[in-house]
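J.: Here is how the chains run, residue by residue.
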Amino acid sequence: MTHRFSKRFDVGMTWVYGTGNAVTLPTQNVNAAPIPFSSYSYYGYQNQYEYYGQRNNYRMPSYHRMDVGFNVHKQKKHGIRTWNISVYNAYGRQNPFFLYFESTTQSEAQATGKSRKLSQLSLFPIIPSISYSYKF
Amino acid sequence: MKRIVFFTLMLATLLSCTKTIDFDNEELAHLVVVNSMIGTDHTFSALLTQSTSILTDGQTNPPLEGTMDLYEDGTLLRQFPSQRGGFSALDIQPEAGKNYRMVISANGQQVEAETNIPLQTEVVSIDTMSTKTKFNSIITNYKLKIKDAVGEDYYRLFIVHEMLTMIPKENDTIRYLPYINYDRVQSEDPVFKSVYNNFGDELIDFGPENDYAIFPDTYFQGKEYTLQFTTYSYYRNPANPNFGGGGYGNPNNPDPASGPQKIFDRTTIHIQHLSKDLYTYLKYLELYTYYSSNPFSEPVAVYSNVKNGVGIFAGFNDEAKFIYEDTYIPYSMDTIKVEEVQGYSYGY
Numbered sequence: 080m081t082h083r084f085s086k087r088f089d090v091g092m093t094w095v096y097g098t099g100n101a102v103t104l105p106t107q108n109v110n111a112a113p114i115p116f117s118s119y120s121y122y123g124y125q126n127q128y129e130y131y132g133q134r135n136n137y138r139m140p141s142y143h144r145m146d147v148g149f150n151v152h153k154q155k156k157h158g159i160r161t162w163n164i165s166v167y168n169a170y171g172r173q174n175p176f177f178l179y180f181e182s183t184t185q186s187e188a189q190a191t192g193k194s195r196k197l198s199q200l201s202l203f204p205i206i207p208s209i210s211y212s213y214k215f
Numbered sequence: 344m345k346r347i348v349f350f351t352l353m354l355a356t357l358l359s360c361t362k363t364i365d366f367d368n369e370e371l372a373h374l375v376v377v378n379s380m381i382g383t384d385h386t387f388s389a390l391l392t393q394s395t396s397i398l399t400d401g402q403t404n405p406p407l408e409g410t411m412d413l414y415e416d417g418t419l420l421r422q423f424p425s426q427r428g429g430f431s432a433l434d435i436q437p438e439a440g441k442n443y444r445m446v447i448s449a450n451g452q453q454v455e456a457e458t459n460i461p462l463q464t465e466v467v468s469i470d471t472m473s474t475k476t477k478f479n480s481i482i483t484n485y486k487l488k489i490k491d492a493v494g495e496d497y498y499r500l501f502i503v504h505e506m507l508t509m510i511p512k513e514n515d516t517i518r519y520l521p522y523i524n525y526d527r528v529q530s531e532d533p534v535f536k537s538v539y540n541n542f543g544d545e546l547i548d549f550g551p552e553n554d555y556a557i558f559p560d561t562y563f564q565g566k567e568y569t570l571q572f573t574t575y576s577y578y579r580n581p582a583n584p585n586f587g588g589g590g591y592g593n594p595n596n597p598d599p600a601s602g603p604q605k606i607f608d609r610t611t612i613h614i615q616h617l618s619k620d621l622y623t624y625l626k627y628l629e630l631y632t633y634y635s636s637n638p639f640s641e642p643v644a645v646y647s648n649v650k651n652g653v654g655i656f657a658g659f660n661d662e663a664k665f666i667y668e669d670t671y672i673p674y675s676m677d678t679i680k681v682e683e684v685q686g687y688s689y690g691y
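One line per chain: the protein sequences are B and Z, in this order.
With our numbering as the guide, the letters of the first sequence map in order to residues 80 to 215.
With our numbering as the guide, the letters of the second sequence map in order to residues 344 to 691.
Hints are computed from structural coordinates only; laboratory data are not their basis.
C-beta atoms are modelled at their ideal positions from N, C-alpha and C, and glycine is treated no differently.
One or more hints might be untrue.
[As the list claims (entries may be wrong)] The calculated DSSO-like cross-link candidates involving lysine-lysine, where the alpha carbons are at most 27 Å apart (straight line), are:
1. B:Lys196 <-> Z:Lys362
2. Z:Lys488 <-> Z:Lys619
3. Z:Lys475 <-> Z:Lys664
4. B:Lys214 <-> B:Lys86
5. B:Lys193 <-> Z:Lys362
6. Z:Lys566 <-> Z:Lys619
[Stated by the list, open to error] Partial list, computed: chain B residues near chain Z (C-beta under 10 Å):
7. Gln107
8. Ser182
9. Leu202
The shape of chain B in the complex, shown without the other chains (with noise of 0.2 Å):
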């Protein structure tokens, strides 16, 4: 979306919207059968397994985030100068990129009982640019 005030004024906006990405995560913590004949089952070598279930089990949060521009143009002796002042991620969401989980603070494993989280981690929060452009 554009809006030009002026010659010498606009500003441009775009927001992107996309439905969160299907991932496998597991969901349970399953105990190994012990195998007869084995010293790894003896010594703890795989005691437990996480359990998928299903493929695709889990949506990830949904991605979406505004970009806003804002141009400034005069018209020069050989081209047309543009001043840009614009904001990537306007409003520093915190898009998924890759989900893990990680052991809880003691003060968290207490409230909630559970020793692990699922965890985000995001790239690119709200990014201000400028840049100058010359035309000819």
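Starting from the known structure of chain B, arrange chain Z on it as the hints suggest.
T.: Chain Z in isolation, oriented as in the chain B frame:
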């Protein structure tokens, strides 16, 4: 001041890249877990537990109680309740060539699993050749020829190493200490490498090592095949100055009161015939273990043949085995009493 506040806010915005997200797996929790591996030389048993949430790390599954209907070749063999999270029938000895099915009711759910006990592995011959290295170790090369049956078959090779050591008298009591180890199979035989398509010349991903030493009959279906593998032993060579070393006792010790003496050293080669369920379970369990710490790999699901639940019910036949024993001090198990001693593993 305004500048400091502005830059602090900017920094906080840029750095706060991680956050906790809701993950409610409660509705998926509490799956019925059944684990049972049955063989012809074991009485029937099965473990019944309940899975725990992925958000409770390090907790073993709590035992579950339920009832089981056990079928042999389609005929009801026994109906029995669990005790302390397990089913045990000391009078039921699974038989080779038969099919077993269990139907378990627990936690308001009904789970089912089915497997078969394969026939004994047909061994045509076994040849051994021992050599000594310059470091006085003994290397034994085995050539084990098996006859594969018609159809798909699966095998596992494993080596059990046992020792019995006599410890000097304490309060007029002679204590015997057994030592059991499951030796790693050392082999360049392609049947072992074929399981994970791991022939050692991969540049990037070598894959797992086939620690369970399982293999299918893909390359020798219905034919004879000679399996080659090696065992390695340092302390078994009487010419070795540290013969019986490592604290396991030198049988040549002239003064028995001064230290432990080794009584025997026994190696047993087992060539198990596995059901497809057990082969697949072991194959994927190892793949899971290998890739579980790799954040760039696809998740590996451990094989389960339990319907409406999770776990494994699998049969195997362990009747084909070969014992090689070096006896250093004559002994009779009739005069040795077996009892559990705390802090000593198992003592005789």
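J.: Regarding the hint that Leu202 (chain B) lies at the interface with chain Z, is the smallest CB-CB distance below 10 Å?
T.: Since chain Z brings a Cβ to about 7 Å from Leu202 (chain B), closer than 10 Å, the hint holds.
J.: Please work out if Lys488 (chain Z) and Lys619 (chain Z) have their alpha carbons no farther apart than 27 Å.
T.: This hinted pair holds, its Cα atoms lying about 21 Å apart.
J.: For the hint on Gln107 (chain B), just tell me whether its beta-carbon gets within less than 10 Å of chain Z.
T.: holds (4 Å)
J.: Given the hint that Lys193 (chain B) pairs with Lys362 (chain Z), does the C-alpha gap stay at or below 27 Å?
T.: holds (16 Å)
J.: CA of Lys475 (chain Z) to CA of Lys664 (chain Z), is that 27 Å or under?
T.: holds (25 Å)
J.: Between Lys214 (chain B) and Lys86 (chain B), does the CA-CA distance stay at or below 27 Å?
T.: holds (15 Å)
J.: Closer than 10 Å between Cβ atoms is the bar; does Ser182 (chain B) clear it against chain Z? Give me holds or violated.
T.: Given a least distance of 7 Å, the restraint on Ser182 (chain B) holds.
J.: Does the alpha-carbon distance linking Lys566 (chain Z) and Lys619 (chain Z) stay inside the 27 Å limit?
T.: Given that 27 Å is the threshold and the Cα spacing comes to 19 Å, the pair holds.
J.: What's the verdict on Lys196 (chain B) and Lys362 (chain Z), does the C-alpha distance respect the 27 Å limit or exceed it?
T.: Status holds; Cα separation ~10 Å.
Hint check: no violations occur; every hint is consistent with the structure.
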